[in-house]
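First residue of the sequence shown? That's 0 in numbering that gives the first Met the number 0, and the numbers climb one at a time after it.
Treat the hints with caution; some may be incorrect.
Okay, derived cross-link-like pairs now, BS3-like style, lysine-lysine, Cα gap no bigger than 25 angstroms in a straight line [claimed, not checked]:
| id | residue 1 | residue 2 |
| --- | --- | --- |
| 1 | LYS363 | LYS236 |
| 2 | LYS363 | LYS254 |
| 3 | LYS71 | LYS319 |
| 4 | LYS284 | LYS418 |
| 5 | LYS207 | LYS71 |
| 6 | LYS358 | LYS71 |
| 7 | LYS254 | LYS309 |
| 8 | LYS281 | LYS463 |
| 9 | LYS208 | LYS71 |
| 10 | LYS196 | LYS284 |
| 11 | LYS402 | LYS363 |
| 12 | LYS281 | LYS402 |
| 13 | LYS402 | LYS284 |
| 14 | LYS236 | LYS319 |
| 15 | LYS142 | LYS281 |
| 16 | LYS418 | LYS254 |
| 17 | LYS71 | LYS402 |
| 18 | LYS358 | LYS207 |
What follows is a list of derived Cβ distance ranges for each label pair [claimed, not checked]:
| id | residue 1 | residue 2 | range |
| --- | --- | --- | --- |
| 19 | ILE156 | THR317 | 37 to 45 angstroms |
| 20 | PHE452 | GLU140 | 42 to 50 angstroms |
| 21 | LYS319 | TYR399 | 40 to 48 angstroms |
| 22 | LEU199 | ASN376 | 49 to 57 angstroms |
| 23 | LEU59 | SER438 | 29 to 37 angstroms |
| 24 | GLN276 | ILE368 | 28 to 36 angstroms |
| 25 | ILE203 | HIS465 | 43 to 51 angstroms |
| 26 | GLU318 | LEU199 | 52 to 60 angstroms |
In case anyone wonders, no lab produced these hints; they're calculated from the structure.
Glycine included, C-beta positions come from ideal geometry on N, C-alpha and C.
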Amino acid sequence: MTEGSLKDKTLTGLFWNGVDKFAYNIILFTINIIMARLLSPTDYGLVGIMIVFITFSAILVDGGFVTALIQKKDRCEADFNTVYIINIITSVLVYLLLFGLSPVIARFYKEPSLVLLLRVLSLQLIISAFMSVPLTKLTIEIKFKKIAFTSITSAVISGIIGITLAFRGFGVWALVAQQLILLFIKCILLNLVQQWKPVLRFSIQSCKKLFSFSSKLIASSFIDQIYLNLYPLIIGKYFSPRTLGIYTRGEQFGKLPVVLLSDIFIKVTLPIMSSIQDDVEKLRKLYREYIQASSFIIFAVMMWLFVIAKPLVLLLLTEKWVEAVPVMQILCLAMMTLHISAINRNLLYVKGRSDLALKLEIIKKVSVIIIFFVSINFGLIGVCIGQLVYGLYAPTLNSYYTKDLIGVRYWEQFIDYGKFMFIAVVSALVPFFLVYHFSSREAQLIIPSILYFTLYLSINAVCKTHPYQLMVPILKKMVRR
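Please build the complete structure, drawing on both the sequences and the hints.
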């Protein structure tokens, strides 16, 4: 694959995956804002508890086979059929396990309503199993335009139904219904647009080959999810569902942009990097470009959200969610480097070293657990500061094997992303203090935002950073069209 075709594939994939992720998440974000005005922090806390257990269950259902399919160069139809069968059988078994454990979980949190809620919401595991392979095939073929259509359509329809139920007083069941309908519609649409017909033939040979990669990946993913879900799991028990609701709202505002933007890069870059996994020089160049491009965008967005956190939360969610403001601000800083960890992890997958990814996840997550159980003694804000501490040193750990695999040292990687972090922080200083000089919330949002992005882009222009020089001509062409 030539460098030109790689760039074209990357840009096309980034555009349509960007359309998918931005439109999809903006729609869901809008739906959540409307529903948050109608529902209580306790309602969101209950859903937050259930999502933890469903997320862990989803890892068991997938088993790392989807990523193994994308990474495998000589994949065949038998591979797709085998993964399809495994996912469906596993999803049913895991659902039955959750069905049986739901009373135990409800007693643990002293919330009897969790029994039926969890049994119903867990049905999404089975629905997801039926759409995993069609979605994977579209991802491998870089057909993100079709994925965008299915995501946006399902989000709009499910959102309308969820909001209607919330208005009619269904409470937490409005959230449950919205999530199930979202996945059900997306599953139907994905199977229609992909038009892949599975053959129910299980290949033991295919399973063995895929499992050799996925077995380490599932352990790595499970450990990663322990970290991501440890906080809501324990906060819901240690404090209260209401405190968990406050945490999840603050986390959503702080986490959504970085997860959204990181996911765009990760989904597009994994199949492209996999296609050149044997060309170390080309892979090294592409890797560094991805680090710089993603950092240029993500650091800018996260520091901007840090600046406007209070007026944004008060304007969108009202005063009853004001406690989520400091949570959001600290987590914006804590999650700024999430994309760097994800790209480094992708590199290990591309090189077929899921074993190294597992080792890193074990080391990182042990340290996270220690930080968490120390910080929880200092309240909810202490827990968030603990995440910030981890976020600052995580890139050092994630880059440990990069030198051996493609010859990029940590200091080179730090230069690639560190300059954008510095520019973002400097650009935020004046706008952050300016926010509180205006009486209206609209002015608190608009004026500091304009000043912040003017400063950020101006400093990048003066420094002639590579992503800025690359993106400006592209944006000019788009405006002219």
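Results for each hint:
1. LYS363 - LYS236: holds, 24 angstroms
2. LYS363 - LYS254: holds, 19 angstroms
3. LYS71 - LYS319: Between LYS71 and LYS319 the Cα gap is close to 49 angstroms, so the pair fails against 25 angstroms, i.e. violated.
4. LYS284 - LYS418: Since the Cα atoms of LYS284 and LYS418 sit roughly 18 angstroms apart, the hinted pair holds (cutoff 25 angstroms).
5. LYS207 - LYS71: holds, 13 angstroms
6. LYS358 - LYS71: holds, 21 angstroms
7. LYS254 - LYS309: holds, 16 angstroms
8. LYS281 - LYS463: holds, 23 angstroms
9. LYS208 - LYS71: holds, 9 angstroms
10. LYS196 - LYS284: violated, 38 angstroms
11. LYS402 - LYS363: holds, 19 angstroms
12. LYS281 - LYS402: holds, 15 angstroms
13. LYS402 - LYS284: The hint holds at about 13 angstroms.
14. LYS236 - LYS319: holds, 22 angstroms
15. LYS142 - LYS281: Holds, at about 23 angstroms.
16. LYS418 - LYS254: holds, 22 angstroms
17. LYS71 - LYS402: Holds: LYS71 and LYS402 sit about 23 angstroms apart, inside 25 angstroms.
18. LYS358 - LYS207: Distance ~22 angstroms between LYS358 and LYS207 Cα, so the pair holds.
19. ILE156 - THR317: 37 to 45 angstroms: violated, 27 angstroms
20. PHE452 - GLU140: 42 to 50 angstroms: violated, 36 angstroms
21. LYS319 - TYR399: 40 to 48 angstroms: holds, 44 angstroms
22. LEU199 - ASN376: 49 to 57 angstroms: holds, 53 angstroms
23. LEU59 - SER438: 29 to 37 angstroms: Roughly 52 angstroms apart at Cβ, these two residues miss the hinted range, so it is violated.
24. GLN276 - ILE368: 28 to 36 angstroms: holds, 33 angstroms
25. ILE203 - HIS465: 43 to 51 angstroms: About 48 angstroms separates the Cβ atoms of ILE203 and HIS465, which means 43 to 51 angstroms holds.
26. GLU318 - LEU199: 52 to 60 angstroms: This hint holds: roughly 56 angstroms between Cβ atoms.
In the structure shown, a violation is registered for the earlier hints numbered 3, 10, 19, 20, 23, in ascending order.
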